[in-house]
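Q: Sequence:
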Amino acid sequence: MWPLQLRSRRPTLQGSRRFVQVLQLFKTLHRTRQQVFKNDARALEAARIKINEEFKCNKSETSPKKIEELIKIGSDVELILRTSVIQGIHTDHNTLKLVPRKDLLIENVPYCDAPTQKQ
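All residue numbers for the sequence shown refer to this note's numbering, where the first residue is 223 and numbers rise by one.
Just to be clear, a hint being listed does not mean it is correct.
Unchecked claim - Think about it this way: if two alpha-carbon atoms lie no more than 30 Å apart in a straight line, the pair counts; the simulated BS3-like pairs of lysine-lysine are: (1) Lys-340 - Lys-319; (2) Lys-324 - Lys-340; (3) Lys-260 - Lys-281; (4) Lys-319 - Lys-294.
Claimed, not checked - Each pair of labels, with its calculated beta carbon distance range: (5) Tyr-333 - Ala-265: 19 to 25 Å; (6) Lys-249 - Pro-286: 26 to 32 Å; (7) Cys-334 - Gln-246: 17 to 23 Å; (8) Lys-340 - Leu-320: 27 to 33 Å; (9) Glu-275 - Phe-241: 30 to 36 Å; (10) Gln-243 - Asp-314: 26 to 32 Å; (11) Val-331 - Gln-243: 33 to 39 Å.
The hints are simulated quantities; they were obtained by calculation from the structure and are not laboratory data.
Every residue, glycine too, gets a C-beta built ideally from N, C-alpha and C.
Could you put the whole structure together from the sequences, leaning on the hints where they help?
A: Below is the structure:
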């Protein structure tokens with residue numbers, strides 16, 4: 223009976239891959255948080271708490287389907303943080319100064335607003 227218990231406790235190859243995926247996602251979310259909320263201690267702390275809290279809530283999840291779903295949600299959140307969040311600094315009573323990160327800036331693309339003719 224002892225060898226059976228040992229075998230059942232060993233992680234499967236697929237379980238190991240999932241563990242690595244989850245760990246990578248956790249680290250990526252924290253790195254993204256540090257870049258996106260740079261120089262904003264309150265936002266950095268709130269994001270850190272939220273990330274850790276969400277991972278702790280789902281720590282005991284065993285369903286492969288649910289784990290894949292959670293990984294997808296986490297990846298989507300990371301993408302949204304990286305591509306959509308911009309910092310603003312209050313400079314005056316009704317004024318915000320936007321501080322875009324370099325990776326958010328895009329080159330201006332020439333735009334032609336002359337209508338095209340149908341053939």
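Q: Decide, hint by hint, whether the structure agrees.
A: Verification of the supplied hints:
1. Lys-340 - Lys-319: violated (44 Å)
2. Lys-324 - Lys-340: violated (40 Å)
3. Lys-260 - Lys-281: Distance of about 28 Å is within 30 Å: holds.
4. Lys-319 - Lys-294: violated (33 Å)
5. Tyr-333 - Ala-265: 19 to 25 Å: Between Tyr-333 and Ala-265, where Cβ atoms are some 34 Å apart, the hint is violated.
6. Lys-249 - Pro-286: 26 to 32 Å: For Lys-249 and Pro-286 the Cβ distance comes to about 21 Å; the hint is violated.
7. Cys-334 - Gln-246: 17 to 23 Å: violated (43 Å)
8. Lys-340 - Leu-320: 27 to 33 Å: violated (40 Å)
9. Glu-275 - Phe-241: 30 to 36 Å: violated (20 Å)
10. Gln-243 - Asp-314: 26 to 32 Å: About 46 Å separates the Cβ atoms of Gln-243 and Asp-314, which means 26 to 32 Å is violated.
11. Val-331 - Gln-243: 33 to 39 Å: holds (36 Å)
The earlier numbered hints that this structure contradicts are 1, 2, 4, 5, 6, 7, 8, 9, 10.
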